[in-house]
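Q: Generate the whole structure from the sequences, applying the supplied hints.
Listed in order, the protein sequences are those of chains A, B and C. Quick note: the first sequence uses the numbering used here, first residue 4, plus one each step. Quick note: the second sequence uses the numbering used here, first residue 41, plus one each step. Quick note: the third sequence uses the numbering used here, first residue 37, plus one each step.
Read the hints as simulated data drawn from the structure, not as lab findings.
Short derived list, chain C residues pointing at chain A, Cβ under 8 Å:
#1 Leu100
#2 Arg119
#3 Tyr124
#4 Phe128
#5 Ala130
#6 Trp136
#7 Leu145
#8 Met150
Since this is a predicted model, take the numbers as computed values, not measurements. The C-beta atom is built at its ideal place from N, Cα and C for all residues, glycine as well.
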Amino acid sequence: MTASAIREWLPAAVVFVVVLVAWEVSLLAFGIKSFLIPRPSVIAESLVADWSTLSRGVLFTGTEAVGGLVVGVGLGTIAGLATARWATAREMLLPVAVGASTIPIIAFAPITLNWFGPESILPRLTIVALMVFFPVMINTVRGLTNVEPAALELLTSYAASQSQTLAKLRAPNALPYWFTALRIATTLSVIGAVVGEFFGGPLYSLGIYITLETGHSRYPTAWAAIVLACAMGIALYLAAVALERLVMPWRSAREIVR
Amino acid sequence: MTTATRSVRGASPRPAAIVEAPGGHSKRRQLAGLVIVLGALVVLWEGTKWIAGDPWRIHATIAGIGIDYEHFPPLKWRIADDLSLPHVWDIVRAFVDPAQRGGAPLGAVLLGQAAFTFAEALAGFVIGGLLGLGLGVFFVHSRLAERALVPYVVASQTVPILAIAPIVVVAIKADWVSVMAVSAYLTFFPVTIASLRGLRAVDPRAIELFRSYAATRRQVLWQLRLPTSVPYLFTAFRVAAAASIIGAIIGEQTAGVAAGLGSAIINYNQYYISAPERLWATIVMSTFVGLFFVGAITLAETILTRDRYRPVEGLL
Amino acid sequence: MTMDVRPGPVVVEAAGIGKIFGSGHAAVTALESIDLTIRQGEFVSLIGPSGCGKSTLLRLIGDLTAPTSGTIRVNGKPAERARLDRDYGMVFQAPVLMDWRTVARNIELPLEIMGFPADERRRRAGDLLRLVELEAFAERHPWELSGGMQQRVAIARALSFDPKILLMDEPFGALDEMTRERMNAELMNIWQRTGTTIVFVTHSIPEAVFLSSRVVVMSARPGRIAQVVNIDLPAERSIETRESERYFELITRVREALRRHEPGEEGSEPGGPAGTARVRAEGLA
Numbered sequence: 004m005t006a007s008a009i010r011e012w013l014p015a016a017v018v019f020v021v022v023l024v025a026w027e028v029s030l031l032a033f034g035i036k037s038f039l040i041p042r043p044s045v046i047a048e049s050l051v052a053d054w055s056t057l058s059r060g061v062l063f064t065g066t067e068a069v070g071g072l073v074v075g076v077g078l079g080t081i082a083g084l085a086t087a088r089w090a091t092a093r094e095m096l097l098p099v100a101v102g103a104s105t106i107p108i109i110a111f112a113p114i115t116l117n118w119f120g121p122e123s124i125l126p127r128l129t130i131v132a133l134m135v136f137f138p139v140m141i142n143t144v145r146g147l148t149n150v151e152p153a154a155l156e157l158l159t160s161y162a163a164s165q166s167q168t169l170a171k172l173r174a175p176n177a178l179p180y181w182f183t184a185l186r187i188a189t190t191l192s193v194i195g196a197v198v199g200e201f202f203g204g205p206l207y208s209l210g211i212y213i214t215l216e217t218g219h220s221r222y223p224t225a226w227a228a229i230v231l232a233c234a235m236g237i238a239l240y241l242a243a244v245a246l247e248r249l250v251m252p253w254r255s256a257r258e259i260v261r
Numbered sequence: 041m042t043t044a045t046r047s048v049r050g051a052s053p054r055p056a057a058i059v060e061a062p063g064g065h066s067k068r069r070q071l072a073g074l075v076i077v078l079g080a081l082v083v084l085w086e087g088t089k090w091i092a093g094d095p096w097r098i099h100a101t102i103a104g105i106g107i108d109y110e111h112f113p114p115l116k117w118r119i120a121d122d123l124s125l126p127h128v129w130d131i132v133r134a135f136v137d138p139a140q141r142g143g144a145p146l147g148a149v150l151l152g153q154a155a156f157t158f159a160e161a162l163a164g165f166v167i168g169g170l171l172g173l174g175l176g177v178f179f180v181h182s183r184l185a186e187r188a189l190v191p192y193v194v195a196s197q198t199v200p201i202l203a204i205a206p207i208v209v210v211a212i213k214a215d216w217v218s219v220m221a222v223s224a225y226l227t228f229f230p231v232t233i234a235s236l237r238g239l240r241a242v243d244p245r246a247i248e249l250f251r252s253y254a255a256t257r258r259q260v261l262w263q264l265r266l267p268t269s270v271p272y273l274f275t276a277f278r279v280a281a282a283a284s285i286i287g288a289i290i291g292e293q294t295a296g297v298a299a300g301l302g303s304a305i306i307n308y309n310q311y312y313i314s315a316p317e318r319l320w321a322t323i324v325m326s327t328f329v330g331l332f333f334v335g336a337i338t339l340a341e342t343i344l345t346r347d348r349y350r351p352v353e354g355l356l
Numbered sequence: 037m038t039m040d041v042r043p044g045p046v047v048v049e050a051a052g053i054g055k056i057f058g059s060g061h062a063a064v065t066a067l068e069s070i071d072l073t074i075r076q077g078e079f080v081s082l083i084g085p086s087g088c089g090k091s092t093l094l095r096l097i098g099d100l101t102a103p104t105s106g107t108i109r110v111n112g113k114p115a116e117r118a119r120l121d122r123d124y125g126m127v128f129q130a131p132v133l134m135d136w137r138t139v140a141r142n143i144e145l146p147l148e149i150m151g152f153p154a155d156e157r158r159r160r161a162g163d164l165l166r167l168v169e170l171e172a173f174a175e176r177h178p179w180e181l182s183g184g185m186q187q188r189v190a191i192a193r194a195l196s197f198d199p200k201i202l203l204m205d206e207p208f209g210a211l212d213e214m215t216r217e218r219m220n221a222e223l224m225n226i227w228q229r230t231g232t233t234i235v236f237v238t239h240s241i242p243e244a245v246f247l248s249s250r251v252v253v254m255s256a257r258p259g260r261i262a263q264v265v266n267i268d269l270p271a272e273r274s275i276e277t278r279e280s281e282r283y284f285e286l287i288t289r290v291r292e293a294l295r296r297h298e299p300g301e302e303g304s305e306p307g308g309p310a311g312t313a314r315v316r317a318e319g320l321a
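A: Dropping the structure here:
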């Protein structure tokens with residue numbers, strides 16, 4: 004931890020602790036019996052008490068999110084590479100992809116449920132993959148094509164081949180775009196998995212669990228599941244950021260990445 | 041989320057790239073692309089059913105010519121049976137067929153539900169958009185607030201909306217206000233990030249110029265930062281518009297608001313075994329609402345910013 | 037010793053070159069009936085007002101764009117063949133360095149593309165870093181360098197594969213006057229040591245006179261060669277050269293040639309580097 008990193012993250016950490024303490028103390032001090040938003044310590048208690056069910060849910064929902072993420076990002080990248088290769092394909096397909104990315108994919112959740120059945124991970128995996136596919140494809144195409152014209156001329160003057168231009172210029176140029184999409188995709192994946200479960204899934208899956216516990220007014224356990232779902236999303240997001248720093252050290256050195 | 045900047049460095053005083061304005065030629069290509077993609081989708085769809093679907097039969101009289109055709113797919117493996125993938129023509133027909141015995145066609149009913157959902161989404165969009173813009177303005181003026189709070193703005197998007205929705209519904213009571221809240225929750229994030237980025241995209245030399253005029257912070261905001269951020273904002277508005285529709289649909293389902301598309305999806309999902317094409321028709325309608333909203337934003341952008349701004353890309 | 041006409045073999049031979057951009061009503065004639073012969077080891081500057089097509093001419097020689105009429109032969113072969121044979125080293129106004137590569141690996145980029153073995157690449161990059169006096173920055177990234185240093189890296193990169201011709205498009209245009217003069221001296225030094233043929237586009241009359249063996253003065257709308265001025269300064273050029281009488285005479289000759297072919301007031305162009313702040317007008321509209 005360098006001094007600048009501490010300065011960067013300290014305010015956020017302070018806010019976290021202050022909010023948590025204020026929340027706990029104010030509910031305690033004023034004796035508010037809040038069932039909607041219970042005290043953090045109560046949530047933590049039910050997190051421990053319910054851990055056996057919750058951990059199964061995290062594993063199940065997490066598998067859906069990560070599986071869908073891998074499939075969607077993989078296919079999106081391949082589609083992006085193929086689309087960027089031909090100018091005509093790019094001109095014709097990119098606007099369609101941009102349009103398609105605005106489709107409420109989540110509306111397809113009941114259909115995938117009917118295809119694969121509620122107990123399988125496939126319904127949510129499909130939804131997550133679909134949700135993730137378009138942003139990744141679009142950003143891959145943009146990254147591969149938004150290249151400095153002078154850099155392209157430079158490579159032309161070296162008589163570089165197509166594949167050399169891809170390897171030495173276009174692909175590295177696309178990396179920041181691709182990672183931007185990956186970050187978006189990580190948060191989308193958990194949302195897609197949890198919301199997809201709303202339409203049906205095993206009882207212990209996080210989405211169903213949250214709905215059930217809320218339905219029975221057991222808010223501490225519902226919140227425990229919510230906290231876990233958030234933690235999963237944040238973990239995936241931070242993993243994407245870490246991967247980005249690993250793959251593009253030149254970039255994180257140049258910019259103060261948030 | 042960080043911006044995707046140009047990676048090849050070079051402070052060229054010349055315009056780096058001549059961006060071709062989308063003229064008639066490219067518009068035609070885009071339309072062709074859409075037709076080709078939709079056509080390919082239909083061919084793929086019906087092609088799969090042709091090989092591995094249920095047998096079907098056309099028995100009709102069109103323009104005085106009697107057609108009687110029966111198709112038996114070659115594979116026993118029914119991956120694309122009528123329950124999984126209803127025929128394209130069945131989905132189209134579902135729009136025309138009455139929703140209830142002797143009632144209005146399903147298409148008209150869905151259109152009314154779509155209008156309701158759109159109104160909710162629009163309200164959520166406006167609230168979320170204003171909130172996002174306000175946060176952006178706040179953060180751009182306070183580095184401390186940005187450091188302290190932006191991580192939570194990002195983290196807020198990892199909260200599965202559904203997780204919050206039931207509690208929102210209990211807190212605000214189950215009606216369209218809670219739907220709007222869920223919609224606004226999804227809307228504010230892209231607008232916050234894009235406005236922060238746009239407000240900061242001002243040329244530092246322009247800031248110095250304003251300083252030489254002894255301009256106030258408010259003047260810098262109104263005359264410089266906000267105008268600069270317009271193209272960034274519209275990019276975010278498009279994303280936010282799509283998100284607001286998703287928020288409205290999910291919010292309706294949780295809140296049990298019966299008048300919109302969200303509950304229509306739940307409803308037809310329950311009758312999927314008997315009439316799968318109705319659920320499909322509802323999903324198609326949801327797609328149209330999303331496209332309509334995004335299209336309206338794009339149109340507004342074109343009218344308001346015509347020829348005044350260069351396009352901004354990279355933020356989704 | 038004078039350097040006006042070198043007896044070396046012909047490197048660039050352009051005959052009857054015309055270049056028209058666009059078609060129909062929107063057609064713009066950028067260049068018209070250009071004849072130019074450049075010999076081995078020459079340093080030829082192209083100078084003229086904006087829109088005279090000097091950059092276009094450079095790009096035609098480098099086969100980055102094709103002429104509408106006429107032929108260009110480089111080293112006795114078509115320009116495209118010369119490009120495919122990797123005869124050209126290009127330097128643009130912007131350094132165009134890759135952020136993801138260190139300074140040394142930026143210099144190695146063309147060598148990688150041309151398939152040089154790794155040890156040879158490293159040796160050459162080391163030599164060139166010494167030549168442009170940036171050894172200490174080998175492992176740094178481009179954004180850590182000043183504008184002048186970045187441009188030196190770009191020149192080193194262009195020289196790395198011993199190109200037969202160096203094509204430079206306003207390489208020092210974005211630099212301040214002091215840095216520019218120092219870069220001029222360094223380039224002079226490199227040219228004398230390597231003997232590479234250089235074609236150099238510039239806006240600056242002093243720069244053109246100081247560096248060149250010949251200055252090609254061009255006129256605008258349509259772009260034509262107005263006059264060719266032989267620079268008969270001594271081969272060894274230094275600070276003293278910039279203060280010599282002959283230097284000022286030649287500057288005056290080039291300036292007069294430019295003025296004589298000025299189409300009107302609009303053709304004149306502010307001298308010196310573009311140092312004025314440009315406020316993004318479109319953001320304020």
